[in-house]
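Student: What follows is the residue order along each chain.
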Amino acid sequence: MNNQLFLFQRLRWKILSNTLLLAVQGSKLRLVIILLCSLLIWGGIFGASAKGFHFLNDQKIPLTGNIVGTVFDFLFLALSVLLLFSGGIILYSSLFASAETSFLLSTPAAADQVFAYKFQGAVMFSSWAFLLLGSPILIAYGLAFEVPWSYFALLVAFFLGFVLLPGSLGAFACLLIVNFLPRHFKQVFVALIVVAVAGIGLWIYNIKPSDWSDALNRDFVQRLVGQLSLAQGPLSPNHWMARGVEESARGNINNTFYYLALIWSNGLLFYLLTAWASARLYRRGFNRITTGGTLKRRYGGHWLDRLVTGLVGFLDSQTRLLIVKDFRMFRRDPAQWAQVLIFTGLMVLYFTNMRRFYQEELQPANKNGVSLMNLAVTALLLCAYTGRFVFPMLSLEGRKFWILGLLPFQRERLLWGKFAFSATWSLLIAEFLVLFSDFMLGMGNSTIAMHALTVLVLALGLSGLSVGLGAWVPNFRETDPSKIAVGFGGTLNLIICLLYLLVVIGLMAAPWHLRLILPEVADDRTIPEAWQWLGVGLGIVFGAGAIYMPLRIGASALRRMEF
Amino acid sequence: MIDLNHVTKTFGAKTAVNGLTLRVAAGELFAFLGPNGAGKTTTIKLMCGLLFPTAGTIRIGGFELGREGDRARGIISYVPDQPFLYEKLTGREFLQFIADMYGLAPEHGRRRIREMIDVFSLGDFVDDLTEQYSHGMRQRTVFAAAFLHEPKVLIVDEPTVGLDPKSVRLLKDLLRAEARRGTTVFLSTHSLDVAQELADRIGIVENGQLISCGTLDSLRKQAAVNGSLEDVFLKLTDEAALSNGRSHE
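Quick mapping for you: the protein sequence lines, in order, are chains A and B. Each residue of the first sequence is one higher than the one before, counting from 1 in this note's numbering. Each residue of the second sequence is one higher than the one before, counting from 1 in this note's numbering.
These aren't lab readings, by the way, just hints derived from the structure by calculation. Possibly wrong hints are sitting among the right ones.
Capping the alpha-carbon separation at 30 Å, the derived lysine-lysine pairs in DSS-like fashion look like this [stated by the list, open to error]:
1) Lys88(B) with Lys166(B)
2) Lys152(B) with Lys172(B)
3) Lys152(B) with Lys28(A)
4) Lys325(A) with Lys221(B)
5) Lys235(B) with Lys172(B)
6) Lys235(B) with Lys221(B)
7) Lys235(B) with Lys14(B)
8) Lys14(A) with Lys28(A)
9) Lys88(B) with Lys14(A)
From chain B, some residues computed to sit far from chain A (all C-beta separations above 12 Å) [said to hold, decoys possible]:
10) Gly19
11) Asp118
12) Val119
13) Gly136
14) Asp217
15) Ser218
16) Ala223
17) Leu234
18) Ala240
Where chain B lies over chain A, by a calculated footprint (3+ residues, C-beta under 8 Å) [what the hints assert, rightly or not]:
19) 16-23
20) 101-113
Beta carbons: idealized from backbone N, C-alpha and C, even for Gly.
Chain A on its own, in the form it takes in the complex (with noise of 0.2 Å):
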C-alpha cells in the first residue's frame, strides 16, 4: 500500500519533470511571455493590496482588524467554494471519465490510492489559480503589518491544511453523486443546484446592509461584520483559516497553533473518511457510471440546436453548422452545462440582491456607484464564462483535428465560428443584465447608452482574446475542459482577461461615473467632460485590438499547426 502511494508520487514528479522541461526546450518566448504576464498579474495584486493594507495601517483607520478580518473570511470562503465545486467537478472527470483510470483500475492499484492520487491533482488544479490571486494579498498584508517571520512560514501550512477540507468534502459529495444519486440525474442534478443557489441566495439576502446611502461609517463596517454569521461563524473552517493567519500575524504562537491544529486535525479527518469511502465506493461508482444509462438511448436534433441555428443565421453555413456542432457537444456533456448553471446561478443570485436597491430611493452618487459595480460584476462573470467555456473549444477538438483539417474551407473559420458563438451568448446575456440592472435604477439614457457599449466592448474583447489565446496556446493532450481552463494557458488567457475588462471599465465606464459622481462627494472637484469621451474612444480603439490582434494570431497560429 505505502509502495503504491510512493510509485504515485514518482509519477506524479516524473510527469511534472518532464513537461517543465519540454516547456523549457519549446518555445522560449510563449514561455517568458507565460511567466512574464503571471508575474504581471501577482504584482499587480501585491502592489494593489500593499497600497490598502499600508493605507490602512498608516490612516489608523477605525475597526481596521475588523475589515481586515472581513477580507479573510471572504478569501478563504472563495477558496472553499473553488475547491468544493471545482476540486468535485475535476475529479468526477478524473476518476470516471478518463482512459488513465480505466488503465489504473485494471492493474493491482488499490482504489483508494488510485483516488488519493487523483485528489491531489484535482486539488492542486483547484487551488494553483487561488495561489496566484490569493498570495500575493497574504503576503502584502504581512509586509505592510510588519508581521513576524514566523507567519510567512506558517502560511504554507495553513493553506496546506485548509485544502484538504473542502477538497475532501467536493470528493465525498462527488463520490457519493455517483454511486447513489437516482437514475434520473439530470432531474436531481439541476434541483440540487436550484436548492444551493436559493439557499446561498438567501444567506447573502440577509447579509446585505439595510442601507448603503450612509456610506462607509463605523456604524456601517459593525452592522456588515455582524451579518456574515455564516462565513464567519466559530464552526466555519474558512473563519478558522482567516483567524489563524491573523493570530499568525500578531504572534500570537498559541492561538495560531491552536487554529492551525484545528485545521489540519479536521482536514485530516474529512480526508480519511472520504479516503475511506473511495476504497469502498470508487470501483463501485466507476461500474455504475459506465453501465448507467442504457445503450439505447437515442439522441437526436433539439430545439436549443434550432434556436442556436437562428441565433447565428447570419453566418454563413458552414460556420453555423460548426457553431452548431461546438453547443450540441456542449450540452451533451453534464459536467459542461452544470457549471453553466452555476455560472447563471451566480448571476440570478447578484441581480435578485440588488431587488432593494431598484426599490430605494438613491442619492445619484449611490446610484452611480451601484450601477458601475453591477457592470463590474457583469463583467467578471463575462471574464469567467470567456476563460472557463471559450477558452477550451479549440483545445477540445484535440485529435479530431483530422476531421475539422481536412473539410474543404480555411482553417481561420474555426476560429471565427467559436468567436461568433462566444460573442452572441455573452453579448446577449451581459447586455440583457446591465440594461435591465440600469433601467431598474432608473439611470440615465447616456449612462445606459454608454453601458450597452462597454458591454459590447468586452463581450466582443473577450471573446476574441478567449479563442485567439485558445488556439495560440492550445492544450490538445488533454480532454476535460476544466482542467484546460485552470491549466497554464488558461490561467494565461484569464489573468489577460482580467486585465483587459479593467482597463476597459478603466477607460469608458470609471471616468463616465466619477464625472457624475465626485460634484456630489467633493464640492469643488470634477473631471473634464473630455476625458468621458477620450475614454470611450480609447475604449473602442483598445477593445477593437482586443479582437484583431488575438484573432490574427491565433489564426497565424492555426495556420502553421501540423497534427
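For chain A, the structure is supplied; the task is to place chain B on it using the hints.
Tutor: Relative to the frame of chain A, chain B by itself:
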C-alpha cells in the same frame, strides 16, 4: 484459471452479457470471437474487475473478483484495443512504473525491462516521450508492459491492429510461447486467421450469449461446414441472429 459462472451484465435496459458460463484452463490460448456489439469487450472488462457482474461470479486464478479483486488483478495483464500510455513519460519510465506497480524486485525489474526492450525492439525509441510514438510503437510498448511481470493470465483485445507484418508474426509467436509456458491467454479478435492459427479453443459470442465453444473441428461439426473459421463463424452467427430475430417475434 478463468472461471465465469452464469455471468450476466446489464446496461440499463440492455443485456450486454447474458448468463455466460466459461472455463479457460492454465496454459490454454482461448480465442473469443463475435460480431461488433456482441459483448466481447464487456466480458473482458468484467474479467478485469473494471465492471461488476449484475449476476453470477468470476474467478481468476482462484480469486473471486468481487472479494479479492486486487489479488486477481495482480496475476492479470490486460491489453485493451485502445491502450493507455502516459504521454509525458518515456517508454522506459512507463515500463519501470509497471514493474514497480506489480512489485517486481528492483534487479529483476531492470532485467525484465532490458529483455522486453530487446524482444519488442524498443531500443531506438524507448527513451523518447511516448507522445512521439507511432501507433505501432505504442502497441509494442504496451505489449512489453503486459509481458513484463510474467502474468498468469493475459487478456488481449484486438492485439494485431496497427502492427506491421513482422510485429504481428512476433506477437503471434510470443502468445503461443506464453501459452506453452503455462500462461492463460484470452484473445478477443476480429482477425479470424489469427484465431484459427493460434487458438486451442474458440468461443463465439452473439448478443451477449456464448453460442459456440470448442476446438475448430468441433465448431465445424456444430456448423455443419467443412471450411475455414471464417465460414464457420459466419454460419453460426447468422443462425444465432436469425434465432434471436424469431424469438423476438
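Student: Taking the hints in turn, state whether each one holds.
Tutor: Against the structure, the hints:
1. Lys88(B) with Lys166(B): Since the Cα atoms of Lys88(B) and Lys166(B) sit roughly 28 Å apart, the hinted pair holds (cutoff 30 Å).
2. Lys152(B) with Lys172(B): Roughly 17 Å separates the two Cα atoms, so the pair holds.
3. Lys152(B) with Lys28(A): violated, 49 Å
4. Lys325(A) with Lys221(B): Given pair Lys325(A), Lys221(B) is violated - Cα atoms ~51 Å apart, limit 30 Å.
5. Lys235(B) with Lys172(B): Distance ~26 Å between Lys235(B) and Lys172(B) Cα, so the pair holds.
6. Lys235(B) with Lys221(B): holds, 12 Å
7. Lys235(B) with Lys14(B): holds, 25 Å
8. Lys14(A) with Lys28(A): OK: Lys14(A) and Lys28(A) at ~22 Å, within 30 Å.
9. Lys88(B) with Lys14(A): Roughly 8 Å between the alpha carbons, so the hint for Lys88(B) and Lys14(A) holds.
10. Gly19: holds, 17 Å
11. Asp118: At about 24 Å from chain A, Asp118(B) clears the 12 Å cut-off, so the statement holds.
12. Val119: holds, 21 Å
13. Gly136: holds, 17 Å
14. Asp217: holds, 34 Å
15. Ser218: Holds, since 32 Å exceeds 12 Å.
16. Ala223: holds, 29 Å
17. Leu234: The claim stands: Leu234(B) keeps its Cβ more than 12 Å from every Cβ of chain A (closest is about 25 Å).
18. Ala240: For Ala240(B), whose nearest Cβ neighbour in chain A is about 19 Å away, the distance exceeds 12 Å, so it holds.
19. 16-23: With 3 residues closer than 8 Å to chain B, the region 16-23 of chain A meets the three-residue bar; holds.
20. 101-113: Coverage by chain B holds here, the residue count being 8 at a Cβ distance below 8 Å.
Hint check: violations occur at hints 3, 4; the rest are consistent with the structure.
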